[in-house]
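Peer 1: Protein sequences, first through last, are from chains A and B.
Under UniProt numbering, the first sequence has 356 at position 356, and the numbering climbs by one with no breaks.
Under UniProt numbering, the second sequence has 149 at position 149, and the numbering climbs by one with no breaks.
Note that these hints are calculated values from the structure, not bench results.
None of these values were measured; they are calculated from a predicted model.
Wrong hints could be hidden among the right ones.
Selected chain A positions facing chain B (in silico; Cβ < 10 Å) [said to hold, decoys possible]:
(1) Arg-47
(2) Val-77
(3) Pro-152
(4) Leu-156
Partner residues are not named here, just some residues of chain B that face chain A (Cβ under 10 Å, in silico) [unchecked claim]:
(5) Ala-258
(6) Gly-261
(7) Ala-262
(8) Gln-266
(9) Gly-275
These stretches of chain A come out as covered by chain B in the derived footprint (C-beta under 8 Å, 3 or more residues) [to be verified]:
(10) 78-85
(11) 99-106
All C-beta atoms in this analysis are idealised placements derived from N, C-alpha and C, irrespective of residue type, glycine included.
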Amino acid sequence: MAEVSLKGVKKSFGRVEIIKGVDIHINDGEFVVFVGPSGCGKSTLLRMIAGLEDITEGTLEIGGRVVNQLQPKQRGVAMVFQNYAIFPHMTVRENIAFGLTIAGASRQEKQQKVAEAARILQMEHLLDRRPSQLSGGQRQRVAIGRAITRKPAVFLFDEPLSNLDAALRMDMRMEIGRLRRQLGTTMIYVTHDQVEAMTLADRIVVLKDGQVMQIGAPMELYHEPANRFVAGFLGAPSMNFLNVDVLELDGEVAMVGNQSLEPIRVATRRRPFRKDGKAILGVRPQYLRPVHSGKGLLHGIVAHAERLGSETVVDLTLRDERELIAAFNEDKVFEPGVALELTFDTALAHLFPDEGELQTH
Amino acid sequence: MASKLTLSNRAGWTFALPGFALIFTFIVLPFFFAIGLSLTNQRLLSPNPTQFVGLENYQQLLGLAVVTLEPERNDAGEMIRNAAGEIQYPRLRAITRSDDYPQYRGMREWFHWQSGENVMIVIASDVVFMKALVNTFLFVLVVAPVQGSLALMLALLINHKVKGINLFRTIYFMPVVVSIVVVSLLWRFIYDGQNGLLNSILQALTFGLFQPVDWLGSPSTALPAVMAMSIWQAVGFHMVIWLAGLQTISPTLYEAAAIEGASRWQTFRYVTWPGLRNTAVLVLVVITMQGFALFAQIDVMTNGGPLDSTQTLVFQAVERGYGKQDISGGSTISVILFAIVLAISLIQRWLTRER
Ligand SMILES: Nc1ncnc2c1ncn2[C@@H]1O[C@H](COP(=O)(O)OP(=O)(O)O)[C@@H](O)[C@H]1O
Ligand SMILES: [Mg+2]
Numbered sequence: 001m002a003e004v005s006l007k008g009v010k011k012s013f014g015r016v017e018i019i020k021g022v023d024i025h026i027n028d029g030e031f032v033v034f035v036g037p038s039g040c041g042k043s044t045l046l047r048m049i050a051g052l053e054d055i056t057e058g059t060l061e062i063g064g065r066v067v068n069q070l071q072p073k074q075r076g077v078a079m080v081f082q083n084y085a086i087f088p089h090m091t092v093r094e095n096i097a098f099g100l101t102i103a104g105a106s107r108q109e110k111q112q113k114v115a116e117a118a119r120i121l122q123m124e125h126l127l128d129r130r131p132s133q134l135s136g137g138q139r140q141r142v143a144i145g146r147a148i149t150r151k152p153a154v155f156l157f158d159e160p161l162s163n164l165d166a167a168l169r170m171d172m173r174m175e176i177g178r179l180r181r182q183l184g185t186t187m188i189y190v191t192h193d194q195v196e197a198m199t200l201a202d203r204i205v206v207l208k209d210g211q212v213m214q215i216g217a218p219m220e221l222y223h224e225p226a227n228r229f230v231a232g233f234l235g236a237p238s239m240n241f242l243n244v245d246v247l248e249l250d251g252e253v254a255m256v257g258n259q260s261l262e263p264i265r266v267a268t269r270r271r272p273f274r275k276d277g278k279a280i281l282g283v284r285p286q287y288l289r290p291v292h293s294g295k296g297l298l299h300g301i302v303a304h305a306e307r308l309g310s311e312t313v314v315d316l317t318l319r320d321e322r323e324l325i326a327a328f329n330e331d332k333v334f335e336p337g338v339a340l341e342l343t344f345d346t347a348l349a350h351l352f353p354d355e356g357e358l359q360t361h
Numbered sequence: 001m002a003s004k005l006t007l008s009n010r011a012g013w014t015f016a017l018p019g020f021a022l023i024f025t026f027i028v029l030p031f032f033f034a035i036g037l038s039l040t041n042q043r044l045l046s047p048n049p050t051q052f053v054g055l056e057n058y059q060q061l062l063g064l065a066v067v068t069l070e071p072e073r074n075d076a077g078e079m080i081r082n083a084a085g086e087i088q089y090p091r092l093r094a095i096t097r098s099d100d101y102p103q104y105r106g107m108r109e110w111f112h113w114q115s116g117e118n119v120m121i122v123i124a125s126d127v128v129f130m131k132a133l134v135n136t137f138l139f140v141l142v143v144a145p146v147q148g149s150l151a152l153m154l155a156l157l158i159n160h161k162v163k164g165i166n167l168f169r170t171i172y173f174m175p176v177v178v179s180i181v182v183v184s185l186l187w188r189f190i191y192d193g194q195n196g197l198l199n200s201i202l203q204a205l206t207f208g209l210f211q212p213v214d215w216l217g218s219p220s221t222a223l224p225a226v227m228a229m230s231i232w233q234a235v236g237f238h239m240v241i242w243l244a245g246l247q248t249i250s251p252t253l254y255e256a257a258a259i260e261g262a263s264r265w266q267t268f269r270y271v272t273w274p275g276l277r278n279t280a281v282l283v284l285v286v287i288t289m290q291g292f293a294l295f296a297q298i299d300v301m302t303n304g305g306p307l308d309s310t311q312t313l314v315f316q317a318v319e320r321g322y323g324k325q326d327i328s329g330g331s332t333i334s335v336i337l338f339a340i341v342l343a344i345s346l347i348q349r350w351l352t353r354e355r
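For reference, chain B alone in the conformation it holds in the complex (with noise of 0.2 Å):
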């Protein structure tokens, strides 16, 4: 509804227009630059006049399909086996390269699994750029819960009015406010392979039976390594939205349920979780956003590796657009990235509506 506030109030439009003016040269325009670009071969520094190519760079790297691969037979029809007595394969260049498949050229496998005799394999036309994807994903669905639920058991501990507990809320609160490049820094020391702190603590743990890992090192801990860190990291920030959302509900249902005699879990279940509704769906959808621009700690800690296995939608974003100059490739990144975290916001609404 139009009210005077909005339409005739001269002052206040002018005081908004420093704001909206940054909000619309950095937020606003280049989403719209974004888009535009996308929909090119604009590259950052290049001679050649920009084209349009219209959804090419979506098919670019969205680009996927499923070959299969029948066992070779010799004249007879029987399966030709080597030494070892594995079924042989034709290569999967033969496809992707031949002539007779121009839709699969320059495709490159992903993964792949046995089906009976033969072998199914998932190309994609940018792996790295599925990695990315899945890495990105994986990510989100493990600290969204894990992050979302041990910050809520911290606000829980410290919901109480106990001498000294604002100690308890500084220590939980205080890796928020360091830089993420400086803590990402640190638990790259922590993870370290030879001699960092984490294992050191297992193997002093262990009495030396512990086998030091090289935690970023290696393509099966390198990710679960980002995440528990960035779980560690941003922990303290969610537990304050929990602690606003616990100090939302009245003191008087506490008592209310307490005189019914309800148990501490009953209590919680009845009376402490629903009043948090509204705060569990600002939490899911900020841990949601948050881990979907994951950046910096792969920035810092791994770049990516080993092995793309901590490759991630913005990293590869970043260094499309500005480590290969490829700025049509990054803007088209962020642009599905735009369309998954809308997507996803829209369904958790849906989800968690009042019904």
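Pulled out of the complex, with its shape left as it was, chain A reads as follows (with noise of 0.2 Å):
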């Protein structure tokens, strides 16, 4: 058990800086998860806290102790690595048991702590194979087991579930989630799977080109995201984004609109925009919903939709050429080439700065 803090971290491979200076604090029996697109640094900054690469500037502290410098095994974290890192000469037993093995410890309490293991895991009837007879599940199942023997302060997930097929990833995510209740230990847990950070995590932590986008609570980050990326990265399908004109500043509340969207009024939520300036639109796909004509907020053609059964989603064509997607909770047909109105509750849409008309997401 203990608290995991990064001050000021960067990493830097040769010239090129990776990590450009990350500060989380992440609290004792608290499960955070590293959520970003592929290269941004999850996995670099993760393998710094564990010891595998070290740290080019700024402090780690794990329980409250600066560990900058110490060897994996003295950190004391457990990993769980995207590929298993399963030994394959040995038995599930053995591979559970080999931090304990390690360590010297009696066969005794070997046996205790693997049959406590396996319980948890409900693999004891797996214990005798060797990984090759195993499905990768299972295979990820081990490494966890391996991971909880030692009991260690904190558990490091990188991308656990990203090697698996998407029924079974659904499976060892709650699974996940299950472990995570019944041990009540840190773990620090990347993906870049938005549901895998949206259903496992206290609090998510956003990270694009090695900084930090947005700490915060998964509903949090879903319903105020800080910036334009937060927003586009987490929900699917990803929010849409409208280039508008700011018509009117009025305090807190901005009158917004184009050629496809009829002038509406949102909240600025302390951003800084400018009257005729430009700005940008972020609108769910749930949030909008078809009216009868006359009536819509947003003017457009469907070219493409998708029924997916609980779930139609159309992708239309607005007045000014840019494409939207909306997502409607229902089955319904929607013929492409037919003209479309929608509305939504500005309550719940968000503008942002547009920072540069060359900038697109």
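Join these two chains into a complex; the hints should help.
Peer 2: In structure tokens, the structure reads:
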């Protein structure tokens, strides 16, 4: 059990700076997920916490102790890797007991702890198998078993479910959630999959290009994204962004509109805007509803529709030739070429400053 | 399984044909020739017609027996001793040339030992072959483990991403690409009994106390000298094989071991060595094969001497087949060597099988 604290942490490989100053404080027993697009430095950050990469700058504390210079084993962490990293020549039992074997534990202790881990992970019947006789999900459970036998202060997971197929991923996700409630240990979990992030995390850290974009509870990030990147990263299909003109500015509220959007009032949330300037309006596809003609805020033509049974995802072309995605939570037929008007609750829309016309999501 | 690729691939078979023809002409055919010739009395050049002799050649090579010589006694039954008090025995010749023992005819002493008051003598129909057999086994038994482990140590040392590591890799590998004949010639100078490099170095290190040794000229040092040089020459080759094996081990396994707190030795024991299992079998088999084929070093450095102390099976096969024009004898040695190597490979495979 321990807190983990990163202060001004940086990492360079040669001359390339990969982690550009990260400050995160993780409370004891908290489940924190690092999420971000591939290559943003999530793994690197996690490996720095594990002690597999050294820290170029800044301090890392685990349990109140600066561990920058400590070896992985002295940090009291356990890690689960994407490609399992279990030893192919050892049985499941030997793999789970590996940390104990290394520490020179007695046979009795090993037996007892392996049995406990096997019970928690429901794999008592697999103990004498070799990794080659296991499925991907079972292998990953062995790796988790190896991690929990040592009772580490912090668990680190690096995309543990990425090599599994979709159905198994969901099972294992729930299993990790259950494990987390059972053990109550601090856990740091890296993933590029926002569903894992949203469902597992107490708090999510969104990373981009080695920098923290936002830290917060999943719903906080979903409903109140601090910037356009976070808004676009969380939620599927991802948020629509419309280039709009600021028509009026009135304290906390801006009136915006464009060719295909009727003027609406949106909260500025203290972000800087200029009257007659440009802005970006974010609307989640799920918040859009079709309405009878004449009452819609947005006007477009159906380009393509996907029926998923519980949901219908419609791809529209707006009057200004831009694309818009709408997701309706009912099964309905939309023929391509048909004109469609949409409305939404303007309180659920977000307005972001336009950082240059060139930048597109 | 017969696949489409192997059955109806005319172009493929055409391309493979020259290779197959060469292998057939120079490996498969001679192999069966050797077996056939070993059952005849064929000589390289001979006016006499070839005769089928069955297993006589094998008997001639492998014939072994133990004879017991009892002390000579006088009429009273007491042992006769000479002036120095040593017990007197009958001459071995009295047995091997006697008509009473036709089965020992022509055999000579290989080695003997004292057993109580008797002397036990192992006699062989072909003592030189027996020495060659023992030397070859000795060579393999020493070279295989020493060369294999030395190569592994070098591979572990240079399996790091450090600047200039390729220089070391090149240096260690260099002896492999030089012809073994050239290397042998050079080492003849190094081992020279008068002012060879080895003697000079040892003398310099001991401030002249070291007495020069004729490394290749004395029966006790000749074979070890050849072993040392052979180990040095091919260690780089096996280092490269180990290195290839090391690089197949996933780096995450090492990271997992590091996080679990494994020491360097534990990492080697639990991660590296198990991961090198197949490589180890390969290295062991290759060194064993090369060891049994020991020839060039002997041919260049010692010619089997001194006193047959560096005779080897292949050297004997060549010496007999071409030196003495006894093609059937040489073939017989080749077939025996084949049987030994086959047996050892099978045993090695069985011992190192996947369990
Ligand atoms: N050992 C390394 N040497 C050089 N560059 C590296 C190294 N490890 C990672 N990187 C670079 O750091 C960036 C972040 O990598 P990583 O942390 O693995 O990303 P991800 O968020 O996908 O896990 C990538 O651009 C990668 O190329
Ligand atoms: Mg990664």
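Peer 1: State for each hint whether it applies.
Peer 2: Here is what the structure says about each hint:
1. Arg-47: Hint holds; A:Arg-47 Cβ to chain B Cβ min 8 Å, cut 10 Å.
2. Val-77: holds, 7 Å
3. Pro-152: holds, 9 Å
4. Leu-156: holds, 8 Å
5. Ala-258: Holds. Min distance 5 Å.
6. Gly-261: Nearest chain A Cβ about 3 Å off; hint holds.
7. Ala-262: B:Ala-262 check passes; min Cβ-Cβ to chain A is 5 Å, inside 10 Å.
8. Gln-266: Where the cut-off is 10 Å and the nearest Cβ of chain A is about 6 Å from B:Gln-266, the hint holds.
9. Gly-275: Constraint on B:Gly-275 satisfied, holds at 8 Å.
10. 78-85: holds (count 5)
11. 99-106: n = 4 at 8 Å, threshold three: holds.
Comparing the model with each numbered hint stated earlier shows that all of them hold.
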